[in-house]
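**Student:** What follows is each chain in one-letter form.
Protein chains: 2
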Amino acid sequence: MARWEADASGRLREAALELYVSRGFEQTTVAEIAARAGLTARTFFRHFADKREVLFAGSAELQARLVDALVAAPEAASPMQAVGAALDAAAALLGQNHQRSRQRQSVINSNPELRERELIKMASLSTALADGLRRRGVAEPDASLAAEAGIVVFRVAFERWISEPDGPDLARTMRDALDRLKAVTG
Amino acid sequence: MARWEADASGRLREAALELYVSRGFEQTTVAEIAARAGLTARTFFRHFADKREVLFAGSAELQARLVDALVAAPEAASPMQAVGAALDAAAALLGQNHQRSRQRQSVINSNPELRERELIKMASLSTALADGLRRRGVAEPDASLAAEAGIVVFRVAFERWISEPDGPDLARTMRDALDRLKAVTG
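Same order as they appear, the protein sequences are chains A and H.
So in my numbering, spot 186 of the first sequence is number 186, and the numbers just go up one at a time.
So in my numbering, spot 134 of the second sequence is number 1134, and the numbers just go up one at a time.
Hints are computed from structural coordinates only; laboratory data are not their basis.
Note that the structure is predicted; figures quoted are calculated from it, not measured.
Be a bit skeptical, because a hint or two may be false.
Claimed, not checked - Below 16 angstroms or equal to it, Euclidean Cα-Cα: the simulated EDC-like pairs (lysine to aspartate or glutamate) are: (1) A/Lys121 / H/Glu1113; (2) A/Lys182 / H/Asp1179; (3) A/Lys121 / H/Glu1116.
Generate coordinates for the entire structure from the input sequences, incorporating the hints supplied.
**Tutor:** Next comes the structure, spelled out in structure tokens:
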């Protein structure tokens, strides 16, 4: 993708989020998003299938980062340590922009269809982590349990992180949640 | 609900599952389900909003049983022990009919819309368990983490249970999965 095209995608994502926050997801049209980004609807549809997918454009990259970090963890790492490495990678990717993460989540929470799409994204992340663990030689049910537990930590920590206005450190919030999970299950 | 009406609901659920398995969910109409049950489409719609909801008619009861068991657990029980009591209640309810559970899951797995609906059901169960734990005085994030961990155990154990043709004991499968979760997170 050319540099200008990548920039178009970023501008469209930013314009969409601004409009979803200020007017609401349902009330915003693709034409309005494109206009706000100084682009055409035709360009919008070269990047995104529909106005819902703008909010999930980062999902594939997030999943790839998580799986890469999991697979790259030291051979001696336990399943949960490998999952912890994946969570660190997620925090590094998502922890940069507290304000945008808060806004995106508020839009998603406001719409049942978006909430469903988010659930599917999380289920897909969990499946990908379990696959990665099995490639590391982890047997079932441990692979699925460790992967799902990792996604639980991810979701609970992420929710806490965006609920706090001053934006604490996401990586630390995730490690704290992992420690609490160990404490409650232990 | 009169006795005959309750029976109508059960007959419709059974007829629907038989048709979904033999012909496929998409290919089955409400009229066909009603005819197989010896009832009318009008009766069908007195019991279920659509042909999808027939598969989820037990969700409310499942959730109520889980929450009741969680709330009724001894005061001294840890959050995870209370969740364990809820899982025992789920196993007692679902563990009776291995063949029907297998069939229902195969229908759900065959259809993306049904898989989404199942994810929403699981998210709702988790929210209800977390609410119950907070009512027991469990603080956040422990309440959410223990509830989510319980649903992870539920899902992984249930999947294992239906994947085995001879139908082992669901309660034991759940307790084994809970032990494995403790081991992998510990």
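**Student:** Could you run down the list of hints and mark each one as holding or not?
**Tutor:** Tested hints:
Annotation: proposed proximity of A/Lys121 to H/Glu1113 holds, straight-line Cα distance about 14 angstroms (limit 16 angstroms). The hinted pair formed by A/Lys182 and H/Asp1179 meets the criterion: a straight-line CA distance of about 12 angstroms does not exceed 16 angstroms. Between A/Lys121 and H/Glu1116 the alpha-carbon distance is near 11 angstroms, which keeps this suggested pair within the 16 angstroms criterion.
Checked against the numbered hints given earlier, the structure satisfies every one of them.
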